[in-house]
Each structure stands twice: as structure tokens, then as C-alpha cells.
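Novice: What follows is each chain in one-letter form.
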Amino acid sequence: MTTSIETSGATVDEAIERALEELEEARENVEVEVLEDAPQARVRVTLRETYAGNARLAVMELLSKMGIVAQVYVRNVEDPVTIDIAGQDLGVLIGWRGETLRSFQAVVNLIINEGRTDRRRVIVDVERYRLRREETVREMALRLAQRARRSGERVLMDPMPAYERRIVHVTLDAEPGIRTESQGEEPNRRVVIWPDAAAAGRRPTETPPAAAPEATPRRSFADRPRYGDRARSGERVRFGEPRPTTEPPPADES
Amino acid sequence: MEDYTGLVTYIVKAIVSKPEAVKVAMVEGERTHRVELTLAPEDVGKVIGRGGRNIDAIRSVVRAAALKNHERVMVEIV
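If you read the sequences in order, they're chains W and Z.
For the first sequence, the residue numbers in our numbering are 1 to 254.
For the second sequence, the residue numbers in our numbering are 255 to 332.
Honestly, the hints are just simulated from the structure, not real lab data.
Glycine is no exception: its CB is placed at the ideal position from the N, C-alpha and C atoms.
Pairwise CB distance ranges (calculated):
(1) Z:Asn323 x W:Arg132: 20 to 30 Å
(2) W:Arg189 x Z:Arg285: 25 to 35 Å
(3) Z:Ala279 x W:Gln40: 43 to 53 Å
Generate the whole structure from the sequences, applying the supplied hints.
Specialist: As C-alpha cells, then:
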């Protein structure tokens, strides 16, 4: 996958500049060969074959064949190679909770790793969607963990794709006073946050413990239900009302 | 109607061991089109992937491309 173009200009620098513009590349990623110096400078500019460069080319090719107009940048050259796509109306490329973006990334990885022994994972992001979403999931997890700890009751999170559930498990792994598990079937599999009081010394399949000693709702306003806390269908809890306690299912990790 | 064979061809040819055996045909429907994929037998497994992972990803990318045009495309290996 070598790309090479020839350009000319009044000076060598000008010719190179023109080539870089056409390739949309930075100077350090290309090899320059001067074909003619004067009176008209001609150069051959060859894209240095790098992992990130190849990934970028594959992404550009895919997008153009999908009919999507966007700019493609290399955000990270190494560890991990990260490609960023920028443009308008890229929602279709992200899909529900980033599912389409994940598929797109999987295809990019398939293409560039085919027949290579030095396989590396390439991350494809759209306008930093991935970063932002990960941050949102982490914040939500910490907030709901806090609620589970305070209320002593389990908290159900929204159904999420596997990699987001993983973010929750990893984020809350070191958090004291709670434990997490995934339950349900795809695509409605979700994380449940259990307070430790319910988790400690008790099999999850046993009956829930008797109501906590303090019968008066000592609920803080900070624990009020918020958008994104649970699926909008099914059980609904109003502020101040006791939460329904259901039989916990057998524990298993996602 | 958009032509989705170019997209499918590019992806599949990049990942198979016998690109010359790849044939991609499109069967038009009213709203839903079908892309039929012919492969060398030894490449079928690679394109499908473990548990259908690869073909699912390809379908998802094609679906996104079709969604922009308010169309549906099914990708099938024949």
C-alpha cells in the first residue's frame, strides 16, 4: 500500500508543499526524492509506510466507499494507534451507543492486520465520541455506586454493550462497599451494583436481607433518580418511595 | 439506488487469501437490496469470523452506508 505522487513547483520546497497538501500528510511522514531542481522543480513524494499511515488510508478508503465525507487524522502514532474522524453528520457512523463505530473499527483492524504478524489494535474514534462516552459511563458508575452504598439497595444500570459494562466493572473494582455483576441477556444485559451489606457472607440467590434497621427513609436528594439511571420501561421508582427489592440472579461476569 | 458492491468488494478483498475468487453481485429490491458474495471455499470462514464476528461487522458498516440513503442492504454469502 505505497502511495507516491509527483509534483512540480517554482522551488523544491514549493513542490513538496503542494504534494503534502494533496496527500494531506505531514512532512515527517513522507520520503522526498528530487527529480529536477531547475528551472522547474519536480519531486516525487512517497508516503512512508507506517502502521498509522496504513490505518488512515484504510479509513479514508472505507469512508469514501460508504459515501461519507470527513477528514481523517492520526491522533496517536503509537500505543495505541488512534485514528480520528472529523466532519458533519457522523451520527450514522457512530450508531446506537457507538455500536456502528465499533464495527467500523473492527473492519479497519481486519483490513490492516490481514497477513501481518505484527498485529496491533487500531482505535478509530469520531470527534472524540469514544473518550467522551467512556467518561460519561465512568461518572455514572461512580454516582450509582455511591447511591447503592448509601441506600443499601441494589442499583440497576441501563442496558449497555459489553465494552461499556467492562468499563463499569473496571471502574468500580476498587470501590469499597459495593460489588458489580452483569445480568440479563444481550442486548438487554446490564450491570447491577450491589451494596456490600447484601453481598457479604450471603449467596446472591438467597433471600434479600431484612429491611435495614433505619426504617425512616434517610435518602438524600443527591440519590434522586436521574436520567440514564435505568431503562425507561418496566419498574419505576419515585423519589421517596421504597425501591422494589427483587431476587438477585446468580452472579456472573460479563 | 446506491451501489454497495464497491464497499463490500474493498473490505472482502482486503481480508481474503484469494481476492481473485471474490465475486460481488447486487440484487435490487424496492427498498431492500441484497449483496451476494461469492468466495473461495477456504476464505468463507475468515470472512464470517468466529461466531460471525467479521460478517456482522461488515454488515453493520454496510448498513450505516445504506442508512444515509434510507435503504436496507443484506449481505449474504452464497
